[in-house]
Structures are given as C-alpha cells and as structure tokens.
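Chemist: Each chain is listed here by its residues.
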Amino acid sequence: MVVTLLVIITITFVMMHAIPGGPFTREKQLPDAVLAALNAKYHLDDPLWKQYVDYVKGVLSFNLGPSFQRAGVTVNQLIKEGFPATLKIGLTSVLVIIVVGIPLGIVSALKQNKWQDGLVMFIATLGVTIPSFVMATGIIYIFSAKFNVLPSNGLTSWKHMIGPVIALSGFSLSFVARLTRSSMLEVLQQDYIRTARAKGLSNNKVIYKHALKNALIPVVTYLGPMIATLLTGSFVIEKVFAIPGMGKHFVESVGNRDYTVLMGITIFYALFLIVMVLLVDILYSFIDPRIKMED
Amino acid sequence: MSEQVIKKELWDAIPKESKDKEILSRPSMTYWQDAWRRLKKNTLSMIGLAFIIFMVLTAIIGPYVIEHDYSTQQLTLANIPPRIDIYKVDDATYFYMHSEYKLFQVTADGELLDKIKETQNNMAERNRIYNIGGKEVVLDYKYGAMKAEDNPEGIKYKLLIDGEEAKVADRVQNKSYLFGTDALGRDMLSRVIYGARISLLIAFIATVVNFFIGVLYGGISGYFGGQVDNIMMRIVDIINVIPLLLYVILLSVIIGSGLKSIIIALGSVYWVGMARIVRGQVLSLKEQEYVLSARTLGASSMRIMIRHLIPNAMGPIIVSMTMMIPSAIFTEAFLSFIGLGVNAPLASWGTLANDALGGLRSYPYQLFYPSLAISLTMLAFNFLGDGLRDALDPRLRK
Chain Z
1 MVVTLLVIIT
11 ITFVMMHAIP
21 GGPFTREKQL
31 PDAVLAALNA
41 KYHLDDPLWK
51 QYVDYVKGVL
61 SFNLGPSFQR
71 AGVTVNQLIK
81 EGFPATLKIG
91 LTSVLVIIVV
101 GIPLGIVSAL
111 KQNKWQDGLV
121 MFIATLGVTI
131 PSFVMATGII
141 YIFSAKFNVL
151 PSNGLTSWKH
161 MIGPVIALSG
171 FSLSFVARLT
181 RSSMLEVLQQ
191 DYIRTARAKG
201 LSNNKVIYKH
211 ALKNALIPVV
221 TYLGPMIATL
231 LTGSFVIEKV
241 FAIPGMGKHF
251 VESVGNRDYT
261 VLMGITIFYA
271 LFLIVMVLLV
281 DILYSFIDPR
291 IKMED
Chain P
1001 MSEQVIKKEL
1011 WDAIPKESKD
1021 KEILSRPSMT
1031 YWQDAWRRLK
1041 KNTLSMIGLA
1051 FIIFMVLTAI
1061 IGPYVIEHDY
1071 STQQLTLANI
1081 PPRIDIYKVD
1091 DATYFYMHSE
1101 YKLFQVTADG
1111 ELLDKIKETQ
1121 NNMAERNRIY
1131 NIGGKEVVLD
1141 YKYGAMKAED
1151 NPEGIKYKLL
1161 IDGEEAKVAD
1171 RVQNKSYLFG
1181 TDALGRDMLS
1191 RVIYGARISL
1201 LIAFIATVVN
1211 FFIGVLYGGI
1221 SGYFGGQVDN
1231 IMMRIVDIIN
1241 VIPLLLYVIL
1251 LSVIIGSGLK
1261 SIIIALGSVY
1271 WVGMARIVRG
1281 QVLSLKEQEY
1291 VLSARTLGAS
1301 SMRIMIRHLI
1311 PNAMGPIIVS
1321 MTMMIPSAIF
1331 TEAFLSFIGL
1341 GVNAPLASWG
1351 TLANDALGGL
1361 RSYPYQLFYP
1371 SLAISLTMLA
1381 FNFLGDGLRD
1391 ALDPRLRK
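Same order as they appear, the protein sequences are chains Z and P.
Per our numbering, the first sequence starts with residue 1, numbered consecutively.
Per our numbering, the second sequence starts with residue 1001, numbered consecutively.
Honestly, I wouldn't trust all of these hints.
In silico DSS-like links for lysine-lysine, alpha-carbon gap of 25 angstroms or less [claimed, not checked]:
id: 1; chain 1: Z; residue 1: Lys57; chain 2: Z; residue 2: Lys41
id: 2; chain 1: Z; residue 1: Lys80; chain 2: Z; residue 2: Lys146
id: 3; chain 1: Z; residue 1: Lys146; chain 2: P; residue 2: Lys1041
id: 4; chain 1: P; residue 1: Lys1088; chain 2: P; residue 2: Lys1115
id: 5; chain 1: Z; residue 1: Lys114; chain 2: Z; residue 2: Lys205
id: 6; chain 1: P; residue 1: Lys1286; chain 2: Z; residue 2: Lys114
id: 7; chain 1: P; residue 1: Lys1115; chain 2: P; residue 2: Lys1147
id: 8; chain 1: P; residue 1: Lys1088; chain 2: Z; residue 2: Lys146
id: 9; chain 1: Z; residue 1: Lys88; chain 2: Z; residue 2: Lys159
id: 10; chain 1: Z; residue 1: Lys146; chain 2: P; residue 2: Lys1167
id: 11; chain 1: P; residue 1: Lys1088; chain 2: P; residue 2: Lys1158
id: 12; chain 1: P; residue 1: Lys1115; chain 2: Z; residue 2: Lys146
id: 13; chain 1: P; residue 1: Lys1088; chain 2: P; residue 2: Lys1041
id: 14; chain 1: P; residue 1: Lys1167; chain 2: P; residue 2: Lys1102
id: 15; chain 1: P; residue 1: Lys1041; chain 2: P; residue 2: Lys1102
Note that these hints are calculated values from the structure, not bench results.
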C-alpha cells in the first residue's frame, strides 16, 4: 500500500514536471525579477530531487501545497471545501446501489425468464449503456426544465440529491443488479441448496440464509472498482448539476491548467481509493473465510 | 425351445447406405466456424453486429453522401430544430418562425429556403413588418415584455398576416437539416456522422494499441513465469489500484487536448485488463502438449508465443476487445465532456453533447442525437460482446 502510494506520488510528480513551461508561463512574459520571486516563493528554484523529497514529505503530512492559479488558496482548502458535498452524494449513491441494486438482482434471479426478470434486465441494460452525463442532462431536461419538479443545480436540500444520485448510481446499480442475478442463478444450482431444500427449510431461509450469502461474494469484489467509478463519475455529475464538490474543482483545474490542484486531488483520490479497496479486501475475508489474508 | 433359424437374407452383403452411417453426419467444424454458428443463433448479438456495421459504414461513407459539410458555419441558420412549425401565407408561400423571432421562407414540406429580411423594424414599438408573397406580415413581440397582469394568458408574440392573426398551419420535418443545426448553424446530421467517425476511430485505435501492449505484456509474463511473472504482475497490481481515468485526464492535460493525445492517453493506460486475461490464458496453455512438441522441434520462444499460444488464446482476447471498444467510446465522450476532447471544428459525440449543454433548455435536440448515437452504439457493442462471450468462451456459457 505504501509502495503503491509512493509510485502514485512519483508518477504524478514526474508528470507535473514533464509539462513544457513552468507554472508561471503566460502569454505575456513576466519580468525576470517577478518570475524569480515566484519561483523562490514556491521553492521551484530548488534542485529537482529536493522538490521531490519536499513534495513526498508534504503528502505524508497531508499538505498538498498551494494552488498556482488562485493566490492564497491551498489544495488542502479546496479539498476540505469540496469533499463533503462529493462524499454526501457518493455515500448516498453507494447506499442506493446496495439497497436497490441487490434486491433487483435477487428478484430477477428468482423470477428467471418471467416478466419481472425481463423488466429488471431491460432497465439494467439501459443503465449500463447510457453514459452518466447523458442521464444527468436527461434528468435535468425532463424533471427540471419540462415538468419543473426537481431543482437543477446546487445541493441544499434532499430534493437536490435525487437527480445527481440517480445519474451517479445508474451505471453501478445496473451492474450490481446484473452481477447479483448471474451469481444468484449460479448459486441456486449448487448441491447445498438442494440439500437445504431437501431437509425442509422454508424457501425464504434457503434463499436469504444459504444462497444470498454466497451469491454476494462477487458483488463485494465489485465494490472496490465501483468506488472508483463513482468518484470519477462525480466529476461529470457535479459539472452538470453545478454542485460545489471536489469534482468541480478538478474539472475547473483541468480547464485552467492548475497543475498543483490537479496533482493534489489525484493523489487524494488515489489515497482514498487505496484505503477503500483495502477495507473491501478486509470485508471480503470476513464474508468468505476461505480467503485468508496473506502475511 | 424353438430352433434358431438364421434367415438367408442375413448372409447378404449389407447395403451401401448403411455403410454411410459410419461417416460423420456433419462436416467437422473449426473453432471459428463453430463460434460463428453459435453467434448467428443469438438474435440480439446479430442485431448489435448489424448496427455496428451500419454505424461504421455510415461513418466511412456518410460524409461523402450528405449535402452539408460538418464545419461550414451559417450563423443566420443557427439553432434550427429538426421539426418546425410553419405558417401559411398562401398556397405556395409558407414561412417558419424561429424561437429567436427570425422568419424563414420554407416550402410546404419543410425545405428551408431563405431568411426573410424585414421591411420595417420598429424597435420602440417592438414589432417587425415583413413582406412575404405580397402580403404584409407583422410580428408583434411586445407581449413578452408586458407585466403579468396585462398579459394574463402569457402569450409572447402575435403574428398577423394582412391584419389577421396567423395560426400554425402544420408541424413538419425540417427537410434541409434532418437533425437541425447547432449554435453556429452547422448541420447536426453531418456533425453526428462525423462524430461517429472520430469516436469510432479513437475507440478502434485505442483498442488495437491496448491489444498489442496487453498481449505482449501478458504473453511475456505468462510464458516466462517465475520471477519475471512475479515482478510484471506486481507492476500491473499497482497500476490497477490507481484510478485509471484520473491518469487519462492528467495525461491529456499534459499532452494537450486533441485526437492524438486522447488515443495516447487511452492506449497507455487501459492495457492492464488485457494483460491479465492473456497471462491467465498463456499460463494454462503453455502446459499443453503441442507447446512441448513445438519446443522439441526447436521453435523459439517468440515463435511458440506468436504461432501457438496467442492464436489459441484469441477467443477471450476478442471478447475483451469488444468490451473495450464501448468503454473507450465512453471514456472519450467523458473526456470530451469535461473539456479535454478533440479541438473544434472536429466533433466527437462527447464534444457534441458538451456543446449542447449550454442551450439544453431551448434546443434539447442538439443533445438528443449525439446521446442517442452513443447509447445505441454502446448497446450494440454490449449485445455483441455478450454473444461473442457465449460463442467463443464455452466455459462461461450458461
């Protein structure tokens, strides 16, 4: 994990310094004295290795440096400002995905080849194929512009959450439903399910106690990649719904080439993701005792 | 006990037809023929395949066939929707009023002729007077600026033809611009078709690049095994944890936006999944006897890999390639949407969708067509991918 983090920092650092021109290269050439002062202020006149060591030290002490484009604002401030909104929508989406996606998959598996199955699979196929920004703009157009029932921007009430959460969770929800369905179908054909039925357990008990537990293992594996999908998906969603989250800062800094913010948020996201994947791994070993944590 | 009588006919030579029963009733099929046969049975996949072929052909031939160019701007014809309301002046003269109070002469079946120049423009009284087909048409738009109590019905404008209030005669398809025009008066149809060209091109090239890197990396890792495999797979593990899309974004920021940089960014990152699949395949295939016999015959490692291992691993590789194309289209659209797409006047589906976002409330059709194109293509590739997986990878078949 530490190695991964170090690799990520190194890659981002190398990338940052591979950009032609310094961060203060403007169309209008700055006077040399100003440039030198700016370079000295941000320690850009230090030798490269020292900058690298400083940056690594900074990251390890949770200091991601100043923004080069906005004077007096640090990357930490931007993250602190934007992360709560992103987290709020992200967590709600995770909740919705689990609470809606898994039951949909179960229903679809239990009613295999009936109309319920067809309906769920139809929705799930649409969810996987429609890009999130199309879904987001579609929601805004239909529910905000046409019928005026949902607000189209900001994040101040629960009503503001509905659109972004649907658009953000659409893909993963469909994926989870499909995954649950296929693994449930597989599990239901296992011998131990027949045994459980043969010894006279009630249908509910067979399904929820024996089948579901095993069927959910692949779903848990997907949780890690899902968090990555949600994080990157939130860029677009936050842009479309004008939510003041971290994705918006990221997209903005893509627009105005604010490299330190880009690097800082990338590293933050990567760290967040690594921790999440680790947590999922731990959870995984609890759910499936056959998997032992190595070393 | 009755006596066993052996009938005389039984001593006859057997007829020729029954000898034929020994011959296989079906000709033996190669792996690919068999896969194709299975794929043909899957209706959804065939629909997907047909749609993809249609889309590719449209992308290749389309720009030469349609009359409008994707980059010609005609600011007078900006933002004209695909369906237009026309007003009738007399039997031969119709006009269309744009929501920005511009009048265009049209034919009865919806062909756009020309913008009509007003004969009088009374800014102070908020009306314009036109002369269409010898009749005087007055566009009175003072209602939009009125207070709510003066204008209880909320009308925005009135059109008077020779003093009589005009009613919408018909709602017709815009024949000149089937998909309408965008904010700069460019034909949406040709832009969507051109977008298909760019989007599909990026997707195919990125997938081919991923294919080569992934197959090479995974093949070497799986074939040599041991320490080599260990180190190479650790590297893959590390890359896999990094949110790839972030790096694609960083790469495109650094290289600069444009067609080339998107391809480089996609190609340099997404080979990891392919490498894993190839490695897994090669690991199991290299224990087969034919590899041993090839090695005994003195074939070099390179030859074994290219001639024996990779062709045999082709099934899963093709499946993952079909799945990779939609995800490349998706990523490209995503990048374009956050402003890292191809540069104007080039258009991909993602940039088209992004451009349409600003005028979404007034001109939703500008978002609709590129979105529809993306979604249908993704759907088609998904169906085809599912079908191919069932056909090529018998182990995964239900």
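Chemist: For every hint, state whether the structure bears it out.
Modeler: Here is what the structure says about each hint:
Our distance criterion of 25 angstroms between C-alpha atoms is met by Z:Lys57 and Z:Lys41, whose separation comes to about 18 angstroms. Note on Z:Lys80 and Z:Lys146: the hinted pairing is violated, with a Cα-Cα distance of about 35 angstroms set against a maximum of 25 angstroms. Between Z:Lys146 and P:Lys1041 the CA atoms are separated by roughly 43 angstroms; this puts the pair beyond 25 angstroms, and the hint is violated. For the given pair, P:Lys1088 sits about 16 angstroms from P:Lys1115 by alpha-carbon distance, which is consistent with the 25 angstroms threshold.
About 22 angstroms separates the Cα atoms of Z:Lys114 and Z:Lys205, which keeps this hinted pair within 25 angstroms; it holds. Between the alpha carbons of P:Lys1286 and Z:Lys114 the distance comes to roughly 44 angstroms, so the proposed pair goes past 25 angstroms and is violated. The straight-line distance between the Cα atoms of P:Lys1115 and P:Lys1147 is roughly 31 angstroms, outside the 25 angstroms bound, and the hint therefore fails. A C-alpha spacing of about 29 angstroms is found between P:Lys1088 and Z:Lys146, which places the hinted pair above 25 angstroms, so the restraint is violated.
Restraint check for Z:Lys88 and Z:Lys159: the C-alpha separation of about 13 angstroms stays at or below 25 angstroms, so the hint holds. Our distance criterion of 25 angstroms between C-alpha atoms is met by Z:Lys146 and P:Lys1167, whose separation comes to about 24 angstroms. The suggested pairing of P:Lys1088 with P:Lys1158 holds, with an alpha-carbon distance near 15 angstroms, which does not exceed 25 angstroms. With a C-alpha separation of about 30 angstroms, the suggested pair P:Lys1115 and Z:Lys146 falls outside the 25 angstroms cut-off, and the hint is violated.
For the hint linking P:Lys1088 to P:Lys1041, the alpha-carbon distance of about 53 angstroms lies beyond 25 angstroms, and the restraint is violated. Under the criterion of a C-alpha separation no larger than 25 angstroms, the hint pairing P:Lys1167 with P:Lys1102 is consistent with the structure, at around 17 angstroms. This hinted pair does not check out: P:Lys1041 and P:Lys1102 have alpha carbons roughly 54 angstroms apart, beyond 25 angstroms.
Violated hints, in rising order: 2, 3, 6, 7, 8, 12, 13 and 15; the structure is consistent with all others.
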